[in-house]
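Chain by chain, the residues:
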Amino acid sequence: MSDDMISKEVEIQNEYGFHFVPAGKFVNIASKYNAQITVERDGIEPVEGKSVIALVTIEANKGCKIRINAVGADAKQAVDELVELVDSKFGE
Amino acid sequence: MSVSVNEFREAVLNQQLHLEIEAGGEYLDREIEEVAINRPGLAVAGFFKYFANKRVQILGLAESEYIKLLPDEERARRVEGLFKQDIPCVVLTRGRHASDDFKCLAEKFKTPVLRSTMITGNFINQATLTLEDLVAPTTRLHGTMLDVLGLGVMIEGSSGVGKSEAALALIERGHSLVTDDLTILRKNNSGELVGTAPEMTRYHMEIRGLGVINVPSLFGMASITAEKPLDMIIALYHPKPGEPEERVSSRRTRTVLDVEVPLVTLPVRAGRDMSNVIEVAVRNQKLRMLGHDTAESFNANIIRRLKKREDS
Numbered sequence: 005m006s007d008d009m010i011s012k013e014v015e016i017q018n019e020y021g022f023h024f025v026p027a028g029k030f031v032n033i034a035s036k037y038n039a040q041i042t043v044e045r046d047g048i049e050p051v052e053g054k055s056v057i058a059l060v061t062i063e064a065n066k067g068c069k070i071r072i073n074a075v076g077a078d079a080k081q082a083v084d085e086l087v088e089l090v091d092s093k094f095g096e
Numbered sequence: 198m199s200v201s202v203n204e205f206r207e208a209v210l211n212q213q214l215h216l217e218i219e220a221g222g223e224y225l226d227r228e229i230e231e232v233a234i235n236r237p238g239l240a241v242a243g244f245f246k247y248f249a250n251k252r253v254q255i256l257g258l259a260e261s262e263y264i265k266l267l268p269d270e271e272r273a274r275r276v277e278g279l280f281k282q283d284i285p286c287v288v289l290t291r292g293r294h295a296s297d298d299f300k301c302l303a304e305k306f307k308t309p310v311l312r313s314t315m316i317t318g319n320f321i322n323q324a325t326l327t328l329e330d331l332v333a334p335t336t337r338l339h340g341t342m343l344d345v346l347g348l349g350v351m352i353e354g355s356s357g358v359g360k361s362e363a364a365l366a367l368i369e370r371g372h373s374l375v376t377d378d379l380t381i382l383r384k385n386n387s388g389e390l391v392g393t394a395p396e397m398t399r400y401h402m403e404i405r406g407l408g409v410i411n412v413p414s415l416f417g418m419a420s421i422t423a424e425k426p427l428d429m430i431i432a433l434y435h436p437k438p439g440e441p442e443e444r445v446s447s448r449r450t451r452t453v454l455d456v457e458v459p460l461v462t463l464p465v466r467a468g469r470d471m472s473n474v475i476e477v478a479v480r481n482q483k484l485r486m487l488g489h490d491t492a493e494s495f496n497a498n499i500i501r502r503l504k505k506r507e508d509s
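Listed in order, the protein sequences are those of chains A and D. For the first sequence, the numbering used here begins at 5 and goes up steadily by one. For the second sequence, the numbering used here begins at 198 and goes up steadily by one.
No false leads were mixed into what you were given.
Here are the simulated lysine-lysine pairs, DSS-like style, with alpha carbons at most 30 Å apart: (1) A:Lys36 - D:Lys437; (2) D:Lys265 - D:Lys307; (3) D:Lys437 - A:Lys29.
Read the hints as simulated data drawn from the structure, not as lab findings. Bear in mind that the values here come from a model prediction, so they are computed numbers and not experimental data.
Using the sequences and the hints, build the whole thing.
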């Protein structure tokens, strides 16, 4: 039971960036896990990963790199699944 | 801490005050290194010692009239002397326009000249506040902030604990929303923490099952507040089974940007009407702020009675 932070950087590849719909999908997956999840972008304080409203404020457009952080027992699974989601262009 | 002339101009425009560009429009990225306003009266009269050249320079009524009265050659020298000091920008107040010569010099020294219709005194006051806001320390917290009974209250807790739903219930009871899920706190010059919403998501809330709602459209203009000083934080939490619950709460605070904010923690349980308890917590805090601490006086009374028993 590791309580270290798992952190991975991914690139937003969607045409319109990290808008409301992808953020919604992100939150749906993030909410499954107990881990505390935050998302950050260069120069912006980390925001809550389980809140759509918070995620949208980082304004990550296409080509932008974001960092997904998770702390908790299921942190690794959480980050892996979220990275997969972003890499798959959120299924768009 | 510095701010660009452009950021300054945008912040002023955001407050619906006009700041037109008279000259030097390509040089708006010049930095204002000292976040203050200067009236260069002495400089225009030729005295440059201790000149605050890192500040925004205002040419008000007195300065403009003085410059106008100077003979042409002298005027050119004095104005050039001012621009030579490497100032961030010049603002002309009372709606005055810059003369062509002035504009030429501004372009030559790559310095923006802006124009405001405000009278000088008012502009200086407003601009000082604007500049202070721009360099104020800020932080973003994961919490929903409301104006409840006149107090700025931030409700925090892990996602899913029920912050937004409690906020919605409070809005229906007549309180107003500052921001949902993400609170930007700015420490102003008086040391007060002021909370606002990020511009992009302002006045919107995300409710599970409903998606995003626009609060003022549904509840009216009285249901929203643009910004509010933070008076207390209410932390909602899921009590863990087996963990002791604190029945007699102690006075707690949370430190944010070096400011101590009163903190109340409330356990959330299915069926518990959180908005009711939150509202009472705020009422109690208001009472405390007036100097009445119910917990203290209640216990003092008990101790007094116990003492009486002991003595009799």
